[in-house]
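One-letter residues, chain by chain:
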Amino acid sequence: MNVSPSLDERFRAAAAVEGLLDVAYDVVDDTPVGALLVGVTDRGICRISFDPDPERELEELARLHGPRVLRSAKPVDRLRRELDEYFAGRRHHFDVEPDVRAQPAFNRRVLAELARVDYGVTTTYGALAKQSGAPDAARAVGTVMNRNPVPIVLPCHRVIGANGKLVGYGGGLDRKELLLRLEGAIL
Amino acid sequence: MAVAIPPFETFYECHKVEVMAFLGKRLGRERAEDAFQETFLRALRAYDRLEHGEHLRAWALTIANRIVLDHYRRQRPQGEMPELATNDSRPAFEELAPLTDGLPPKERAAVVLRYGYGLSYDEIGAALGSTGSAARQAASAGVRRLRKEHA
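In order, the protein sequences belong to chains C and A.
For the first sequence, position 154 (counting from the first letter as 1) is numbered 194 according to the working numbering, and the numbering increases by one without interruption.
For the second sequence, position 41 (counting from the first letter as 1) is numbered 43 according to the working numbering, and the numbering increases by one without interruption.
Be a bit skeptical, because a hint or two may be false.
What the hints assert, rightly or not - One side only, chain C facing chain A, incomplete, derived with CB under 8 Å:
| # | residue |
| --- | --- |
| 1 | N42 |
| 2 | R50 |
| 3 | A55 |
| 4 | R108 |
| 5 | R149 |
Stated by the list, open to error - Quick look at which bits of chain C chain A covers, simulated, 3 or more residues with Cβ under 8 Å:
| # | stretch |
| --- | --- |
| 6 | 91-103 |
| 7 | 153-159 |
Unchecked claim - Heads up, incomplete: computed chain C residues facing chain A, CB under 10 Å, no partners named:
| # | residue |
| --- | --- |
| 8 | V43 |
| 9 | S44 |
| 10 | D48 |
| 11 | D62 |
| 12 | G106 |
| 13 | P107 |
| 14 | V136 |
No lab work stands behind these hints, which were simulated from the structure alone.
It should be emphasised that the depicted structure is a prediction, and the values quoted were computed from it without experimental measurement.
By construction, the Cβ of each residue, glycine as well, lies at the ideal position given by its N, Cα and C atoms.
Whenever a hint applies, use it, and build me the whole structure from the sequences.
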């Protein structure tokens, strides 16, 4: 006796409605930067990954947030809608809150400053280091950007080198360039 | 080293087909669907209290079996148990099976999960839909009964 897709979906929805999940995740297909794996907690969005294969992400989500990690479409709907609007150019900032509780203190501080970098604007690693109260830590800021758990929503693509070069991106430079073009930050 | 607890998604995907087959055989498709959802919701409620990731298949089937028993109990308020549910579907652990076959279902489940599979009383309580201390009592009542029988 097989588990019908509708029963499967009912269980996944009920698990979320009853508030039993540490992380609900789903795959958002067909964005201009490819398929994304996105994860949300009861506090907000905790993960956007450019690698949509759950195999590699689930263990890490469980380690950071607790073992009750389940694919469930409903809790992700709001973020899915906001991402659609963002990629259509109609949304310039996200209303879903990032949940970065699982990050180390320095990372949280840098990510909080990063959240203030506006749509269509770029800043530099050095400037972000200074704003985070660690003016000599441009390299460390680079590492925090590289490990940003929620790229796009926390806009690490807006951080570039002092010489104007894009430098690097956790999701690959092509994606960084695409996002900056979408926002009109580069031509 | 204890086996790590897998993400719930992995646990669910590994065992959902077998749990559905188990429930379907005992309850028929329609009722099995409700019982399926209840089984995995109950597992989810207890999941962050697990201490290790061993014997999760036995744990899942024990929860499913408990829900089958609850279902029959609701149908027969006088407490009469169908043969099928009490004989067929109790958790098996080969070494303990011949020894524990004569125990009442709840005591047998508690003894087998404790001494066969090494689950904690909290985990057994969660599997049986009761508490850790009720599981401890059931296991020790079972052991007392076995001592008497095998004295």
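Now the hints, each set against the structure:
1. The interface hint given for N42/C holds, since its Cβ lies 7 Å from the closest Cβ of chain A, which is under the 8 Å cut-off.
2. The beta carbon of R50/C is positioned within 8 Å of a beta carbon in chain A (closest approach about 6 Å), and the interface hint is therefore held.
3. Because the closest C-beta pair between A55/C and chain A is about 6 Å apart, less than 8 Å, the hint holds.
4. Taken as an interface hint, R108/C checks out: its beta carbon lies about 5 Å from the nearest beta carbon of chain A, inside 8 Å.
5. Residue-level restraint check for R149/C is violated (minimum Cβ-Cβ distance to chain A is 29 Å; threshold 8 Å).
6. Taking a C-beta to C-beta cut-off of 8 Å, the stretch 91-103 of chain C contributes 5 residues in contact with chain A, enough for the three needed, and the coverage statement holds.
7. With 0 residues carrying a beta carbon less than 8 Å from a beta carbon of chain A, the stretch 153-159 of chain C misses the three-residue requirement, and the given coverage is violated.
8. The interface hint given for V43/C holds, since its Cβ lies 5 Å from the closest Cβ of chain A, which is under the 10 Å cut-off.
9. The interface hint given for S44/C is met, as the beta carbon of that residue sits about 8 Å from the closest beta carbon of chain A, less than 10 Å.
10. Contact between D48/C and chain A, as hinted, is supported at the beta carbon level, the nearest pair being about 8 Å apart and thus within 10 Å.
11. The interface hint given for D62/C is met, as the beta carbon of that residue sits about 7 Å from the closest beta carbon of chain A, less than 10 Å.
12. Residue-level restraint check for G106/C holds (minimum Cβ-Cβ distance to chain A is 6 Å; threshold 10 Å).
13. Taking 10 Å as the C-beta cut-off, the interface hint given for P107/C holds, the closest approach to chain A being about 5 Å.
14. Below 10 Å, beta-carbon pairs count as interface contacts, and V136/C has none with chain A, the closest being about 22 Å; its hint is therefore violated.
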